[in-house]
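Colleague: The residues making up each chain are set out below.
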Amino acid sequence: MPRLATTTGATALVAGAASALAVPANAETIRVTIPRIKVAEYHAPYVAAWLEPEAGGAARTIFVWYDIKKKGAEPGTKWLTDLRTWWRKGGRRLKLPADGVSGATRTPASYDIPLPANLPKGAYVLKVEAARETGGREIVSLPITVPGAKGSATGKTELGAVTIR
Amino acid sequence: MNSRTLFSRLALASGLSLASLALTTSPASAHRFWLVPSATTLSGTDQTISFDGAISNDLFNPDHVAMPLEILTIVKPDGSKGEMLNAAKARHRSTFDVAIDQEGTWWVGVTRQGYFGSFKLNGEEWRVGGRGRPRPGDKRVDGIDAIPEGASDIDLVENLSTNGTFVTSGIPDTDAFTPTGKGLELQPLTHPDDLVANEPGRFRFLIDGKPAAGVKVTAVPGSKQYRASEMVTTVETGADGIATIAWPTPGMYWIDAKAEDTNPAEPRATKRRMGYTFTAEVVAP
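Just so you know, the protein sequences line up as chains A and B, in that order. Going by our numbering, the first residue of the first sequence is number 1, and it counts up by one from there. Going by our numbering, the first residue of the second sequence is number 1001, and it counts up by one from there.
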């Protein structure tokens, strides 16, 4: 499974964060912040990001972070439908795990994810959806134009800043 | 013949007391027959869904009687019959599980047909249909085949009704909606397992396979006990048979379509009443 995101926040988990080098210099990068939430029972959220072409047409999933390891009677894939908008917009059409798309859940921090290099130019809405077990759900939307996408939006509860540059 | 039609024919042939249940409620009765799945949308074929079924006033609050389980059928996406697991009938509600082992849209519910009405025999009025089996001495028969020779003033109404719910694993499909061409049926333009509160639901209703105008469609969200109004939406189908419902709130809905015409299957009957009911989840955007 290729690593999709690297931590940039203070709570970097992975010593090998240097894989950020894999991002092509000219590609736009999405930075997604998973906020720290002070609750007694915290579970890292399921998060998905996708692009909806403004002109209509199929959504393209950029990443989905879920419990990819859990198997058995209640596999991690069972809760993918909690990302209910992503599930409708495209998740249910994906065969998971999908190379370059699936990843494990992340703890609170900021993560950089490159936009797909082969993205046709045009106007899109970037959507990031987070759903947390025993917690809430939130979608952050950010209209962008490719190439040269730039912008920022912020969630209020389950997501922090979503920035593209 | 798909399995749903097959089931209803089997049910008729097996002499199940079809008239004994208030599936097609009389105007005076507010009792509603409903079936609610523990999830409508699944991400795989390794999950088991639990269903609750009851006949009650408020949705989906089991406050009256449990749903009879023996009349239910489970239709898999490929049209074959699914299995009811762990079934139990409690005082107020019935419950059972279904292992959703196939991708696509499943239907769980009941399709029923029967006749109600009256006739005269030797100057006395007899009833056709009604609740339970007639007891000795009752001036009542439980079906049209039991109307005796010599009966006069035969007045019959055919009742046809379908009531169920849909569960989808993966991508919603429409095989479960292939019309049988008989009675009132649903052809969704928005799939029942793909409804969102900020997008109107659009459903085409067919009678005998053709788009039906003037079908009255009522949508009621559950959990009335936590709000002041019933929050009912009532619409009527247009010439194209389409009913458009703007959802007042996200939630689990009971959607009930009703129509009547003068085309009963039985020549001695004058009228046909039809119902098509389903429960569907409308998610928050």
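Just so you know, these hints were derived from the structure itself, not from any lab. Quick reminder that beta carbons are idealized off the backbone N, C-alpha and C, glycines included. Keep in mind that a hint or two might mislead.
Unchecked claim - Per label pair, the in silico range of CB-to-CB distance:
| no. | chain 1 | residue 1 | chain 2 | residue 2 | range |
| --- | --- | --- | --- | --- | --- |
| 1 | A | 94 | B | 1248 | 28 to 34 Å |
| 2 | B | 1099 | A | 133 | 20 to 26 Å |
| 3 | B | 1099 | A | 104 | 44 to 50 Å |
| 4 | A | 58 | B | 1227 | 35 to 41 Å |
| 5 | B | 1050 | A | 100 | 53 to 59 Å |
| 6 | A | 104 | B | 1250 | 27 to 33 Å |
| 7 | A | 56 | B | 1173 | 56 to 62 Å |
| 8 | B | 1081 | A | 73 | 23 to 29 Å |
| 9 | A | 43 | B | 1050 | 19 to 25 Å |
| 10 | A | 133 | B | 1081 | 40 to 46 Å |
| 11 | A | 104 | B | 1089 | 41 to 47 Å |
Colleague: Against each hint, give a clear statement of whether it holds in the structure.
Modeller: A quick look at each hint next to the structure:
1. A hinted range of 28 to 34 Å holds for the C-beta pair residue 94 of chain A and residue 1248 of chain B, which are about 33 Å apart.
2. A hinted range of 20 to 26 Å holds for the C-beta pair residue 1099 of chain B and residue 133 of chain A, which are about 24 Å apart.
3. Judged by the Cβ atoms, the range 44 to 50 Å given for residue 1099 of chain B and residue 104 of chain A is violated: they are separated by roughly 28 Å.
4. Between residue 58 of chain A and residue 1227 of chain B the CB atoms are about 38 Å apart, so this pair conforms to the stated range of 35 to 41 Å.
5. Hint check: residue 1050 of chain B to residue 100 of chain A, Cβ distance near 36 Å, so the stated range 53 to 59 Å is violated.
6. Under the hint 27 to 33 Å, the C-beta atoms of residue 104 of chain A and residue 1250 of chain B, about 30 Å apart, fit the expected range.
7. Between residue 56 of chain A and residue 1173 of chain B the CB atoms are about 22 Å apart, so this pair departs from the stated range of 56 to 62 Å.
8. Against the hinted window of 23 to 29 Å, the Cβ-Cβ separation of residue 1081 of chain B and residue 73 of chain A comes to about 24 Å, which satisfies the hint.
9. Remark: the range hint 19 to 25 Å for residue 43 of chain A to residue 1050 of chain B is upheld by a beta-carbon distance near 23 Å.
10. Distance hint for residue 133 of chain A and residue 1081 of chain B: a CB-CB separation of about 35 Å, inconsistent with the stated range 40 to 46 Å.
11. Between residue 104 of chain A and residue 1089 of chain B the C-beta distance comes to about 44 Å, which sits within the given range of 41 to 47 Å.
Hint compliance for this structure: hints 3, 5, 7, 10 are broken, all remaining hints hold.
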